[in-house]
Amino acid sequence: MDNHNKRISRADRLLFQQEIHREVEKGTEKEKEFNEMVQKMDLLIRKYFPDAYANFSPPSFEYMERHYNIVIGVATGFEDEVIIDDSNAFTFVSAVRYIDNFIDEALWPILEEKNNTHSLQEGFEEKFYAFIDEVYKEVQVYDIYLPEEVVDLPKIEIKMFLNPDQETLDNLLEKYIDNKSFNLAYIDHLVTKRRPAEMSVWDDAEKCKYRLMALWDISRDVSDWADSTDFDLFYHIYSNNLDPENLKKIIFEVIKQVSPSLFDVVSKPRAKERETYYSMAQEAMEKDDVSQKEQFLLNGCLSILKFIDESSQFEFDAVA
Numbered sequence: 120m121d122n123h124n125k126r127i128s129r130a131d132r133l134l135f136q137q138e139i140h141r142e143v144e145k146g147t148e149k150e151k152e153f154n155e156m157v158q159k160m161d162l163l164i165r166k167y168f169p170d171a172y173a174n175f176s177p178p179s180f181e182y183m184e185r186h187y188n189i190v191i192g193v194a195t196g197f198e199d200e201v202i203i204d205d206s207n208a209f210t211f212v213s214a215v216r217y218i219d220n221f222i223d224e225a226l227w228p229i230l231e232e233k234n235n236t237h238s239l240q241e242g243f244e245e246k247f248y249a250f251i252d253e254v255y256k257e258v259q260v261y262d263i264y265l266p267e268e269v270v271d272l273p274k275i276e277i278k279m280f281l282n283p284d285q286e287t288l289d290n291l292l293e294k295y296i297d298n299k300s301f302n303l304a305y306i307d308h309l310v311t312k313r314r315p316a317e318m319s320v321w322d323d324a325e326k327c328k329y330r331l332m333a334l335w336d337i338s339r340d341v342s343d344w345a346d347s348t349d350f351d352l353f354y355h356i357y358s359n360n361l362d363p364e365n366l367k368k369i370i371f372e373v374i375k376q377v378s379p380s381l382f383d384v385v386s387k388p389r390a391k392e393r394e395t396y397y398s399m400a401q402e403a404m405e406k407d408d409v410s411q412k413e414q415f416l417l418n419g420c421l422s423i424l425k426f427i428d429e430s431s432q433f434e435f436d437a438v439a
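At position 81 of the sequence shown the residue is numbered 200 (the numbering used here), and the sequence of numbers has no breaks.
FYI, nobody ran anything at the bench for these hints, they're computed from the structure.
Some hints here could point you the wrong way.
Computed cross-link-like contacts, SDA-like style, restricted to lysine to any residue with a CA-CA straight-line distance of at most 20 Å [said to hold, decoys possible]:
#1 Lys294 - Ile275
#2 Lys166 - Glu257
#3 Lys299 - Asn418
#4 Lys387 - Asp351
#5 Lys278 - Ser342
#6 Lys299 - Ile229
#7 Lys299 - Pro379
#8 Lys274 - Asp351
#9 Lys233 - Asn174
#10 Lys233 - Tyr172
#11 Lys166 - Tyr182
#12 Lys246 - Asp271
#13 Lys368 - Glu286
#14 Lys159 - Phe180
#15 Lys246 - Ile275
#16 Lys294 - Asp262
#17 Lys299 - Leu265
#18 Lys274 - Gly242
#19 Lys278 - Glu293
#20 Lys274 - Phe243
#21 Lys412 - Pro379
#22 Lys412 - Lys387
#23 Lys246 - Glu224
#24 Lys294 - Asp219
#25 Lys412 - Ser398
#26 Lys166 - Asp219
#27 Lys406 - Glu429
#28 Lys425 - Ser342
#29 Lys274 - Glu232
#30 Lys149 - Asn174
#31 Lys159 - Ala324
#32 Lys387 - Glu429
#33 Lys299 - Asp271
#34 Lys149 - Arg185
What follows is a set of in silico ranges between Cβ atoms, one per label pair, in the way DEER data are often shown [to be verified]:
#35 Asp383 - Arg165: 48 to 58 Å
#36 Glu152 - Ser358: 39 to 49 Å
#37 His355 - Lys256: 42 to 52 Å
#38 Ile263 - Asp408: 40 to 50 Å
#39 Asn365 - Asp408: 24 to 34 Å
#40 Glu293 - Ser358: 33 to 43 Å
Source: prediction; values computed, not measured.
For each residue, glycine too, the CB sits at the ideal point set by N, CA and C.
Given these sequences and hints, build the entire structure.
See below:
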């Protein structure tokens, strides 16, 4: 029998688990808490989706540290001068990312295959919701004030995926973007203690700021470093022949508030000048004295508009 097919004995497995336990005990408190979180998340994943778990490669502690630094940078608006207090944020962010990785890498591929072959089990949506609800309860251990909206994003994605029609997209798109906004705002609030976490008390400027961050995050799906396994809003729209008009409206609203001059440039139909009006964007933002950080985020909006513009399925219409 070759080594590849050789089963691991119970005794060897126990020794392996004991060695892992010893390594965990050697780690920092941060590492210990992370590993405890991983064990809890793994139990939930195996409970609901054992087949998908078999294809899952759990992210390491080092991966989570890199991811966390990126999240903090985006959530705080890349403001170097902000004082960060992340004592309660790392494990919470890691838990959410851990489940996201499982969904993106292991569950989505199976889900897409079964959906394409019409073999998706009835009641999957309800099962998935129950899974996310249990995840939320476990994540609350690391943040007792965690709003339920923070873990709602996968539910919205599943709802759109299983109902690929224009009505569902139009009904959920704004909620999808606002949920991403809320996640970033909550992390910002958690690590800086500067802003309220409740969307109901946001003023227009805060709503615009976090929507801009969320749109930048979404724009990564049309970049060279897009994740090929997660829910891709643009693939969803175009593969199902849906109209992205409402997405454009949301983007235009954000651009108009941040940089009116840029809005004047991108909101007009310029069929013969498509290359030139994107090159005019930098000049327009400088005219409005837009900060470098806002320019960086606005470029994400421009990437989305350019992607829509260049799609052969839709025309780049003017807005009122």
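Taking the hints in turn, this is what the structure says about them:
no.	hint	in the structure
1	Lys294 - Ile275	holds, 8 Å
2	Lys166 - Glu257	holds, 14 Å
3	Lys299 - Asn418	holds, 18 Å
4	Lys387 - Asp351	violated, 27 Å
5	Lys278 - Ser342	violated, 25 Å
6	Lys299 - Ile229	violated, 24 Å
7	Lys299 - Pro379	violated, 24 Å
8	Lys274 - Asp351	holds, 14 Å
9	Lys233 - Asn174	holds, 15 Å
10	Lys233 - Tyr172	holds, 16 Å
11	Lys166 - Tyr182	violated, 25 Å
12	Lys246 - Asp271	holds, 14 Å
13	Lys368 - Glu286	holds, 16 Å
14	Lys159 - Phe180	holds, 15 Å
15	Lys246 - Ile275	holds, 14 Å
16	Lys294 - Asp262	violated, 23 Å
17	Lys299 - Leu265	holds, 15 Å
18	Lys274 - Gly242	holds, 14 Å
19	Lys278 - Glu293	holds, 14 Å
20	Lys274 - Phe243	holds, 12 Å
21	Lys412 - Pro379	holds, 17 Å
22	Lys412 - Lys387	violated, 25 Å
23	Lys246 - Glu224	holds, 19 Å
24	Lys294 - Asp219	holds, 18 Å
25	Lys412 - Ser398	holds, 18 Å
26	Lys166 - Asp219	holds, 17 Å
27	Lys406 - Glu429	violated, 26 Å
28	Lys425 - Ser342	holds, 11 Å
29	Lys274 - Glu232	holds, 19 Å
30	Lys149 - Asn174	violated, 27 Å
31	Lys159 - Ala324	violated, 38 Å
32	Lys387 - Glu429	holds, 15 Å
33	Lys299 - Asp271	holds, 10 Å
34	Lys149 - Arg185	holds, 14 Å
35	Asp383 - Arg165: 48 to 58 Å	holds, 54 Å
36	Glu152 - Ser358: 39 to 49 Å	holds, 40 Å
37	His355 - Lys256: 42 to 52 Å	violated, 29 Å
38	Ile263 - Asp408: 40 to 50 Å	holds, 42 Å
39	Asn365 - Asp408: 24 to 34 Å	holds, 30 Å
40	Glu293 - Ser358: 33 to 43 Å	violated, 21 Å
Of the hints listed earlier, those the structure fails to meet are numbers 4, 5, 6, 7, 11, 16, 22, 27, 30, 31, 37, 40, in rising order.
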